[in-house]
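Peer 1: Quick one: dock chain against chain with the hints and give me the complex.
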Amino acid sequence: MRIRFFLTGSALLLLPLLGAARPAAPDDPQAVKQLQELERRLTEERAVWSELKQHAQTEAERAELAAAFPRDEFVPALTALANANKGTELAARAWVDLFRISRLIEDRALHAQALQRLTSEHVTSPEVANLTLMLVYGAPPWTAPDGAEALRKILAGNKDVGVQQACLAELALLVGMDESFGEAGRAEAEALLVRIEKEYSDVDFNAMTGKQFAAGARHEIQALRVGQVAPDFELADQDGVRFKLSDYRGRVVVLDFWGFV
Amino acid sequence: MGLLPHEKALVQRLKDEPFTFLGMYGREGDPKEIAARLKSENITWRNAMDLGEASDGTLWSTWAVRGFPQFYVLDEQGVIRQRWFGNPGEDVIDGTIEALMAELRTKKKS
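Here the protein sequences line up with chains A and B, keeping their order. Residue numbering for the first sequence follows the working numbering, starting at 1 and increasing by one per position. Residue numbering for the second sequence follows the working numbering, starting at 1001 and increasing by one per position.
Rather than coming from a laboratory, the hints here were simulated on the basis of the structure. Careful: at least some of the hints might be erroneous.
Here are the simulated lysine to any residue pairs, SDA-like style, with alpha carbons at most 20 angstroms apart [to be verified]:
id, chain 1, residue 1, chain 2, residue 2
1, A, Lys244, B, Val1079
2, B, Lys1032, A, Arg117
3, A, Lys53, B, Lys1109
4, A, Lys244, B, Thr1044
5, B, Lys1015, A, Asp247
6, B, Lys1008, B, Ala1035
7, A, Lys53, A, Leu65
8, A, Lys198, A, Asp160
9, B, Lys1008, B, Tyr1072
10, B, Lys1108, A, Asp247
11, A, Lys159, A, Arg117
12, B, Lys1008, A, Ala56
13, A, Lys211, B, Ser1061
14, B, Lys1039, A, Gly259
15, B, Lys1039, B, Val1011
16, A, Lys53, B, His1006
17, B, Lys1109, B, Phe1019
18, A, Lys53, B, Asp1091
19, B, Lys1015, A, Arg249
20, A, Lys33, A, Asn83
21, B, Lys1015, B, Ser1061
Computed footprint of chain A on chain B, listed as stretches where at least three residues anywhere in the stretch have a Cβ under 8 angstroms from a Cβ of chain A [as the list claims (entries may be wrong)]:
id, segment
22, 1020-1027
23, 1060-1069
24, 1074-1085
25, 1095-1103
Don't be surprised by glycine CBs; every beta carbon is placed ideally from N, CA and C.
Here chain B stands alone, though its shape is the one from the complex (with noise of 0.2 angstroms):
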């Protein structure tokens, strides 16, 4: 729950930039309930929700989640750029985004 203000801070800041935060919702529960719980705590961006009868294991399988949070930033190729354990520091999650997002500006210059 630390990091959800600098979350939306981030989504707001860059709302106009090719850049996607996505959620993948991993945690067990009522799909409907966590849904009305997104909407109550403001949390505006897609969430994958692999839960329940609907699960296909992808977030446990695929993605080898081990505990939460865990990030991956991908670039613009969707590859793998960085993968964090817990939350890194915010002015690391910052910092390595901004330099994403400078080399996707450089590449549609040239």
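Chain A on its own, in the form it takes in the complex (with noise of 0.2 angstroms):
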């Protein structure tokens, strides 16, 4: 269904990135080995934790898990690989992971100093490439200003053609969405808006133009961020019966996107 591929667009366009090659293996056998392993240890205590984090509901549910990762095991062995070895695709890897654990135990420091190498030592690495995709999809709300910058940063240093189309994409939804970047946050995903129909006008924008892209972008800033009275809509439910979601005025309203697996 074209109009699905259309809206699913903007996270298909990354999924090419994933595939992206695995950097050429640095020089030191012994700090590759070392990086492997600790990756290792990192995969196993990630596979326990995506399950726990599922279950924590709570603000001091989730704080309790953060405390109980085993911190000292990975950020300080990560971090001396990382400098020992600075400037080198081992070491991309290295902060790509403690990224990752900054985002799990929620360690704001971590995260904005990860992304801070990253977009300034690294910013032509395949690894940051593939960074582009998290910093926006299921990124809670905590990192997007960190997240907003590394993608202009990374914009600005890396002109592969599909990290620049990941990078403008993603950074208009996010600082045209996201609340806390205001009107300032939209004026600018406006000028990256903009830049996308005349860079990427009838040509490939991934699995649409530059200019249908930016026509969906738009309506989703204007009509369903925050503030704005939501579009209604004339659905029939479960047992047939056409119903409007104005129907509800008056009424507090949860609207759950959702199907069964």
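Peer 2: Here it is, written out as structure tokens:
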């Protein structure tokens, strides 16, 4: 269905990046081995964690979980590895691992530091190309300011066309939709959308043209952001009875977009 | 599926309040089978079905749905007050709704 494809486009846009080639192996085989071992352990921990995190439903439970993470096993060792191999692809990988950990345990200082190093020392690395996806999708609200800053730096420093498209699209939606960026964010988003229209007017902006993407994103920013009156709809319910969203004026309404798995 | 017990509790708790929980059912499937499954899972609240032949693409075009679950919380004037991609946590959902219900009660008094 064309329209469906169109609107899932900005997520699809980033998928090719996931398959980006792994960087060439760095010189120091011992460091590589050490990183691989840390990553093996990290994968184990993360598997346990994502399971636990699903069940943590309150602020207190999440904080407790974060405090229980074996931070000392990973953070000092990965930081030391990254510093000892500064500028190499191995260091880039270590910083991405540190970035992931910072998300997991909501360590804001580590999050800022990892992104700062990645976008200043590794901006052209394939590791950074892969990172763009994580900066918006599934990103918790507290990461928005750092995430936007990282996307701006990657946009300025990495000229790969896939990375450029991903950064333009994600940054526009992030600063346009997230209310913490306010009016300035919406102005920045509009400037990015104008750029997308201009640079990718009738050419492939992944599954659509730049013009189509910009139109969809403008609608989203204008109609669906917090503070706007929700667009009305008329649809049938499970019994075939048609109803309108506006039938529910005067009531607090939760719209839950979902489906059986 | 992990969200359903909490959603049922929420709907039950606010059943006498000016509150509506609306499902926006968007996964492909046979509408009759989905309706039957809603019944068997005890999902009593209204679900807008935007499926198959009857679909005008509301979910996907107007609401820019990119994945499930996705939530919008509207106040009594229909203004979007919150939107979440993914499950923000039961405490966040409850806290947001409770704050809006309290706001509505205050408005009604004055």
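Peer 1: Indicate, hint by hint, whether the structure satisfies it.
Peer 2: Going down the list of hints, with the structure as the test:
Our distance criterion of 20 angstroms between C-alpha atoms is met by A/Lys244 and B/Val1079, whose separation comes to about 15 angstroms. Distance check on the hinted pair: B/Lys1032 and A/Arg117 sit about 54 angstroms apart at the alpha-carbon level, beyond 20 angstroms; violated. As the CA atoms of A/Lys53 and B/Lys1109 are separated by approximately 40 angstroms, the hinted pair breaks the 20 angstroms bound. Between A/Lys244 and B/Thr1044, the direct Cα distance comes to roughly 18 angstroms. Compliance with the 20 angstroms bound is thereby established for this hinted pair.
For a cut-off of 20 angstroms, the pair hint linking B/Lys1015 to A/Asp247 stands: about 17 angstroms separates their Cα positions. The straight-line distance between the Cα atoms of B/Lys1008 and B/Ala1035 is roughly 17 angstroms, inside the 20 angstroms bound, and the hint therefore holds. At most 20 angstroms may separate the alpha-carbon atoms for a hinted pair to count; A/Lys53 and A/Leu65 meet this at roughly 8 angstroms. Straight-line distance between C-alpha atoms of A/Lys198 and A/Asp160 comes to about 18 angstroms, which keeps the hinted pair within the 20 angstroms bound.
Between the alpha carbons of B/Lys1008 and B/Tyr1072 the distance comes to roughly 17 angstroms, so the proposed pair stays at or under 20 angstroms and holds. Our distance criterion of 20 angstroms between C-alpha atoms is met by B/Lys1108 and A/Asp247, whose separation comes to about 19 angstroms. Between A/Lys159 and A/Arg117 the alpha-carbon distance is near 18 angstroms, which keeps this suggested pair within the 20 angstroms criterion. Only pairs whose Cα atoms come within 20 angstroms are accepted, and B/Lys1008 paired with A/Ala56 is accepted, the gap being roughly 18 angstroms.
Restraint check: the Cα-Cα separation between A/Lys211 and B/Ser1061 comes to about 16 angstroms, which is no more than 20 angstroms; the hinted pair holds. About 14 angstroms separates the Cα atoms of B/Lys1039 and A/Gly259, which keeps this hinted pair within 20 angstroms; it holds. Restraint check for B/Lys1039 and B/Val1011: satisfied, since their Cα atoms lie roughly 16 angstroms apart, inside the 20 angstroms limit. Annotation: proposed proximity of A/Lys53 to B/His1006 holds, straight-line Cα distance about 16 angstroms (limit 20 angstroms).
For a cut-off of 20 angstroms, the pair hint linking B/Lys1109 to B/Phe1019 stands: about 17 angstroms separates their Cα positions. Simply put, A/Lys53 and B/Asp1091 have alpha-carbon atoms about 14 angstroms apart, close enough for the 20 angstroms limit, and the pair holds. Restraint check: the Cα-Cα separation between B/Lys1015 and A/Arg249 comes to about 16 angstroms, which is no more than 20 angstroms; the hinted pair holds. Of the supplied pair hints, the one linking A/Lys33 and A/Asn83 holds, its CA atoms being roughly 16 angstroms apart against a limit of 20 angstroms.
At most 20 angstroms may separate the alpha-carbon atoms for a hinted pair to count; B/Lys1015 and B/Ser1061 exceed this at roughly 31 angstroms. Counting residues of the segment 1020-1027 of chain B whose beta carbon lies closer than 8 angstroms to any beta carbon of chain A gives 8, which reaches the threshold of three, so the coverage claim holds. Requiring three or more residues with a Cβ within less than 8 angstroms of a Cβ of chain A, the coverage given for the segment 1060-1069 of chain B holds, as 10 such residues are present. Coverage of the segment 1074-1085 of chain B by chain A holds. Counting CB-CB distances below 8 angstroms, 11 residues qualify, and the rule asks for three or more.
As drawn, the segment 1095-1103 of chain B meets chain A at 3 residues by the rule of a beta-carbon pair under 8 angstroms; at three or more, the given contact holds.
The structure fails to meet hints 2, 3, 21 from the earlier list, while all remaining hints are met.
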